[in-house]
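Asker: Here is what each chain is made of, one letter per residue.
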Amino acid sequence: MRRRIGIDVGGTNTDAVLLEEDVVAAGVKTPTTPDVTTGITRALAALVAQAPAARDAQAAMIGTTHFTNAVVQRRDLGRVAAVRIGLPSGASLPPFVDWPEDLAELVRAEVVMLEGGHEFDGRPLVPFDAKGMREAARRIRAAGIRSVAVAAVFSPLNASGEEEAAAILREECPEVAVTLSHRLGRIGLLERENAALLNACLIELARKTTRAFTLALRASGIAAPLYLTQNDGTVMLAEVAEEYPVYSFASGPTNSMRGAAFLGKRDEALVIDVGGTTTDIGSLRHGFPREANNVVEIGGVRTLFRMPDLLSLGLGGGTRVATAPALTIGPASVGYRLTEQALVFGGDVLTVTDVAVAAGLIDLGDRKRVASLPGKLVAEALARIRAMIEEGVDRMKTDAGDAPLIAVGGGSFLVPARLAGVSEVLNVPHQAVANAVGAAIAQVSGEVDQIFQDLTRDEAIARARRAAEDKAVAAGADRATLDVVEVEDLPLAYLPGNSLRTRVRVVGEIAR
Amino acid sequence: MRPVAVEEIESLAIGAWILGTGGGGSPYLALLNMRQLYRQGVVCRLMDASELADDDLVAVVSNMGAPLVGQERLTDPKTMALAVTMMEEYLGRKFRAVMSLEIGGGNSIQPFMAAAMLDLPVIDGDCMGRAFPEAQMTSFAIHDLKMYPLTLADVRDNAVVVARAASWKWMERISRKACVEVGSIASTCKAPRTGKEIKEYAILGSTTKAIGIGRAVQAARRAHCDPIDAVLEVEAGIRIFSGKIHDIARRTTEGFLRGTATIEGLDAFRGHTFKLAFQNEFAVGWLDGLPRVMTPDLICVLDTVAGDAIGTETLRYGQRVTVIALPAPPILLTPKGIEHVGPRAFGYDLDFRSVFA
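Top line first, the protein sequences correspond to chains A and B. Just so we're aligned, residue 1 is where the first sequence starts under my numbering, counting upward by one. Just so we're aligned, residue 1 is where the second sequence starts under my numbering, counting upward by one.
Don't take every hint at face value.
Stated by the list, open to error - Computed footprint of chain A on chain B, listed as stretches where at least three residues anywhere in the stretch have a Cβ under 8 Å from a Cβ of chain A: (1) 3 to 11; (2) 63 to 69; (3) 186 to 198; (4) 216 to 224.
Unchecked claim - Facing chain A, a subset of chain B residues (Cβ under 7 Å, in silico): (5) 73; (6) 155; (7) 181; (8) 183; (9) 305.
Please keep in mind that the hints were generated in silico from the structure rather than gathered at the bench. C-beta atoms are modelled at their ideal positions from N, C-alpha and C, and glycine is treated no differently.
The shape of chain A in the complex, shown without the other chains (with noise of 0.2 Å):
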């Protein structure tokens, strides 16, 4: 039988799932450890006690936000140096030149510009200067800097110069840890940059912590490799993923619409997921959430990293409702306190969860407590957070039509059986842990942004996606089960020839 476990380290809570096939055989909900693995052993051992066959499991998967939350809040990171190779392009604007100040001087250790790169179609810029970056190597081990990240232009066209670098180093200090920016991102110099200086400034902290996350799950008593949930809802061996910790942004969205998907199993739908303080509308298509266009930053860095496109309202079960001078709902929360704060509970706050067990859409703590609320006061409340509840709905649908829509979360109860513009509401089972049950089911992927040229539209989409599948195989797909979810193709104005960027994803199943 296959098992999974899948396990996603939020901010309060850790979360952790046993699949069976396609049936979510335990989850557990345990707090989330300042030191995370405690927690996650916590989390293990009650779910090999729930489902002792857990032990068993041939693959385990871990969606953490502790890479993003180091970045954010300025603790753990490395210093790293920059090589830039594109000279004498670009020398006005030098690696970091859009960074807070703060983080800049946290993580830049050293900045080394060099002449190289290529142009548009693969020729190069100037000759790479080798000898430039044989000095600036000797300089980075006598400096004592532990980690390097390597930029050149238009390296996701033609990545030999980054190689170059990266042999040099290898040559002249060979404890150091080197990232290129044509494994991580796409075109768009800065932002891959960027991408690939944050990846560097982590390195550390991700070989430590999935080191420290296979002890845990082989202190459980369970055997399986581990994998690392990456933002676009995929995974990634340990092994691989601690070079990538970048990856992992922001896979706690994901992994939650994407366990909404597995669990509504619908492969075509909206996702509502309400929490305490916050409600996320997502769309998926082909069983994956859609990707937000813009530019994303990450504790101010930007960066193009590939992020679930989510509308946030401020409507969650803590959410507070105040009746004077008009009745308003939120955005303030009362959060983690609900527990002691909500009148239900105990508290004096009136709040969303409040006006659910009023209405008798959920049952928690003393119902009593909120027997004299006015039932018109109820009416209006719900209708309100209905009218929230659809105006996002229908902000986030891409066509007009009627669509299902999976509601997960904690605060589900909150979404109304019936709802204008949505076909069915889907309440499934396990929705609390959905996150979990979203790292479980992650496959692997692979994925290339290239400019081709004079190729036809067809040829150029085939060899990306070669190069696509080449790369899911690496980071452990099984090749036969591979499949293209996403293809996208731009002609570029200006470039002469028939030149067309294409982007092709294919994703498919972890190899055995």
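Put chain B on the given structure of chain A with help from the hints.
Answerer: Frame of chain A, contents of chain B only:
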């Protein structure tokens, strides 16, 4: 003449991206360059055209090439300045000031980059009042001014002078060829203009206008008001449509990004459909199949919530957008102007009718 604060360049970047009407390239990298230069102590000066003597010479500058290449080969003030000094050497005369070719998009900030390096003032104006895809779509071309010489500089030690061209079209063909050869990105100094020509034929005040639009957006965001309302108010614009991008089709023909975007209405526009055609910039918009707005009226697509401009290259399925129209500079609305930049210049067999008429 007055000093320009770095905050005004920040506002310029926002306003110019809106005036780009979908093209012109994002001003972000040019803005980063200006932040660097101001950090080093540079302060640019903005000059009113009335301060020019009739026989002064003004350098009209722009970055030429594919916006996507610009995302890798990052724009550099030195290259921009090189195109200007090359022109001075060729002419054997010094420039009094620099001016932008097009106020829409990244080229709004290019003259500031050159000015910072050369210690010259920037003229408050341009010759498009927005962004356009072709060289003959300028107020200077509409007035039949001379289109040569032109200098083109590459970040390596490559430089080209186009000494003469038989027409604006020829100038476009020859310079485009050189630009492609050096990697589809180059800094250019267009035909030099006299103070008299600038005063009579440039679109004056457009730099101040772009700064004003950007400032209005920033103020609205700070006050948690609708930034789109703020733009419409300062520019006497019209809200044309609001909705969600439903379909997008793009193709490259003759070196341009052409295509159409279909928007399904939301809120007050529910039940209606809007179709937008673009050639680098937005050219024509149809409401429920009928022409509603067309070039040279400025057609701007903004993010409905944040108010940021959205370029034709970054339009994507599912985006929530608002289409607005802003008035075009009067010169573009003359019969000769319509010939150069009206709907027929973009291949649409439509008689121009302004939404502001």
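Asker: Next step is simple, just say for each hint if it's right about the structure.
Answerer: Now for the hints, and whether the structure bears them out:
1. 3 to 11: violated (count 0)
2. 63 to 69: holds (count 5)
3. 186 to 198: violated (count 0)
4. 216 to 224: violated (count 0)
5. 73: The hint holds - residue 73(B) has a Cβ within 7 Å of chain A, the shortest such distance being about 5 Å.
6. 155: holds (5 Å)
7. 181: violated (9 Å)
8. 183: holds (4 Å)
9. 305: violated (9 Å)
When held up to the earlier numbered hints, the structure conflicts with 1, 3, 4, 7, 9 and fits the remainder.
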